[in-house]
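Based on the sequences and whatever the hints tell you, model everything.
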Amino acid sequence: MKYYLSTKFKIEYLLFLSACFLIVRCSDTSEVYKLGKNEKISPGKINNAIHEEIAVTPPPFSDGVFPCNDCHAFRKPSPVRRKLEWHEDITDMFNHDSENRWCLDCHDLVKRDSLRLASGKLLDFKESYKLCGQCHGDKLRDWKVGVHGKRTGEWNGKKQYYLCVSCHNPHSPKFKSIKPEAPPFREDESIK
Amino acid sequence: MKKPVNYSGRRNFLKNLSLFAVGSIALSGCGSATMKEFLQKNFRTLSKKEKDDIIKDLEKKYTARYGKEFHVTDEPAADGVEFGYALDLSRCIGCRRCVYACVKENNQSRDPQIHYIQVLQMEKEKGIDFAHSDVHYNPDLVPEEGYFYVPVQCQQCRNPQCTEVCPVKATWQEPDGIVVVDYNWCIGCRYCMAACPYGARHFNWGEPHIPAEEINPETHYLGNRPRMKGVVEKCTFCLKRVRDGKYPACVEVCPVGARKFGNLLDPESEIRYILANKRVLVLKQELNTQPKFYYFFGV
Amino acid sequence: MNFLRFVNGSFKIITRGSALYYSWVTFLILLIVWGGFGYSHQLAHGLIVTHMRDSVSWAFYIGNFTFLVGVAAASVMLVIPAYVYHWKPIKEIVIFGELLAICAVIMCLCFIVVDIGSPLRFWHMLPGIGILNFPSSLLSWDFFVLNSYFILNLIIVVYLLYCHFYKKEYKVSFVVPLVLFSIPLAIGIHTVTAFLFNALPGRPFWNSALLAPRFLASAFCSGPAILLILFQILRKITKFEIKDEAIWTIAELMVYAMFIYLFFTVAELFKEFYSGTENILYWKYLLFGIGKNHEIVIYSWSSIIMGSIAFLLFLIPGTRKNFITLNIGAVLIYGSVYIEKGIALIVPGFTPDTLGQIYVYTPSITEVRTAVMIFSGGFLLFTFLSKIAIAIVFEDYSINTLNSKKSEDRVKEVPIAM
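Protein chains in written order, with our numbering: chain A, 1 to 192; chain B, 1 to 299; chain C, 1 to 418.
Distance condition first, Cα-Cα at most 30 Å in a straight line; then the derived DSSO-like pairs of lysine-lysine:
no., chain 1, residue 1, chain 2, residue 2
1, B, K246, A, K144
2, B, K124, A, K179
3, A, K139, B, K278
None of these hints come from the bench; they were simulated from the model. Since the structure is predicted, the reported quantities are computational estimates derived from the model, not experimental observations.
Shown next as structure tokens:
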């Protein structure tokens, strides 16, 4: 069944694109939720925050991949697990419980610019931590308090959180080994 | 009655006079600024005005030497703050980014090399075992299979051995818990280095050298201002940064978020969360130094 | 101004002597100059010219300091048996013991000055102008006891020589209490120096309760050895009378000290090697080396072997009473304790370091030169002081000699009252 692009649909589509555009632009600013100079974030405060939003870094999209609906609006969605013809860079390295999970367990079937919780609730990519937290609840708990993962800023004020995906590639989350910096000079070399 | 004339007395007097003259000429050869710095007393005993004068002189000196505008502050400790640190041993990968971020932030000498943070590679099967650890590990990639990493720096002990043994009280613990050194008062006897059980104190064996383009001009008198030959220095939890409210450099740079820092007196800080919810340990606990630097296992 | 004349007279003594004396003095001065240039290199470049580094932050200088504190303490310890055994030449023995103590303390202070990173800042330690961390820091205790011991000995010796110079009887009520007080002070300096190391829980090699007793025992072994040899030299070149029996008694006392010292060492070794905790590593490095690092094994075993041979030589009455073997034994025990305090005490305390890393320390040429400078200076000072003491005490050099010499020289007599 092919989609027929009526004028009404085109307008809706354009509005949707503008909304996505605005969201992407706005998510370039680091703070969604601004804090005063010495205002502290506490676990209690976070949980009671109005939109349950946390100041995070923007999602690290590769160039040109977002918004997804640029391409997926024209494609017929299929929920059947299969080998994809596109996104080989991801499918080749996919290693996130690959026996039991595949793309559509996290990505929504229809609204490709959203992520999807098991309950069916849709999430913006900026809130991807909630999706990770579905299975990794203890990490989410620690992350919210700042005990899991890197956090920069002020110990007694504004802090910059990093999205899970800033450090963990969601398609292959295990940290790769990196080259260490140089070891300290041997003390006996300094006496030669 | 005969009284012999005392030739030796006159000779001695003339000799002493000439020595005194030579001595004063020699001493006056030193600039008055050098004399002022030489006669400076222990920082804690100085008045506010004296401290401000000293700091102004230091700023001038450093600006002239390094060609960048230097700022030295003597920001005191804030009330109700006691700094604590926690390091996640299950996450550290031994990449040493913290070591070099610390070197840059704290103006440590590059040659001779001083590192406040020593990262020890230990075997997983042996657990925390200093005798079999290696600080000079240099594989192509970290973490290496079968090993884990324990970075050690000043533990800012509650019961510091180093401050007790200093013969001139050049090192003390500030109210916010950081152990500091007055570099202008330290005589370089290195008793504190013998006393420290964690190897956290380092000595400027030679004249420190920092490349001018890498120098950090935002400094604190008791913290990261450039030091001189013959004095002891150590990690101060980035005194300048933390008293400005920021995280220490090592906390910010760690790529895996293994380092956590906060105010132990704030029940809602992440450090208190760790103490309450993770199982922490301290190094060489049997020595009763009561460090404020905890190690925990996040996973 | 009597005192100035005494000083002046003393100065005259050291400027005249035999060819042997002058060649000895010249030799020492050459060594001082050679060493002095080494030290100036250190002053210019900092302590980086030594081989000390963060891992081994105290080494040769502090080792020598510790050894010399032992010598300073032990030399006065001889005073006790002098009184107990009622030896006739009591004041001579006291004087030489104290002269040795003075020179040793001066050398100790010199070793501290060359070891600290900013020697010009030493005034920071003076109570009153600087800040002295008393009673918390054991270095502050060391400061007090060493300086008190030095001043006390200086007063006693100068007073005794001054009285002798002016042919006056010394006041027993002044001297004897001071001398008796110098005995606990002598024990004090060595105990405080031992406590300096003992106080550090982060250094398990030193954190043993036996450290201070071992220090004292080794001091009693080695200090009298110098005096043994010195008395024999004095006997030959001056009118100094000391019977063989007196020397043998000193040697006998040293045997007890040596036995206690060896016993303490065995006790330490048993505790470490039987319990087999991680603290065994320091002793292992000392005696057997760790891995590829065997640098000080030779020193520790030479010290043990020399000490054991000396013990046997002193123990067996035949060899003790034979002056050749006695002197060999004295040199051996002195060398054994020097190696033990200088290298075998300090270096294993730092190897492996607090984080388990091993840095192999051996003294650099600058450290050796500076040490040679200080030792030569100390020997020179001791030579001068001994010469003065010998002249005043044994050769009747006094104010009369000075006066008669002056009347021969060019002094004019000025009539005061007509």
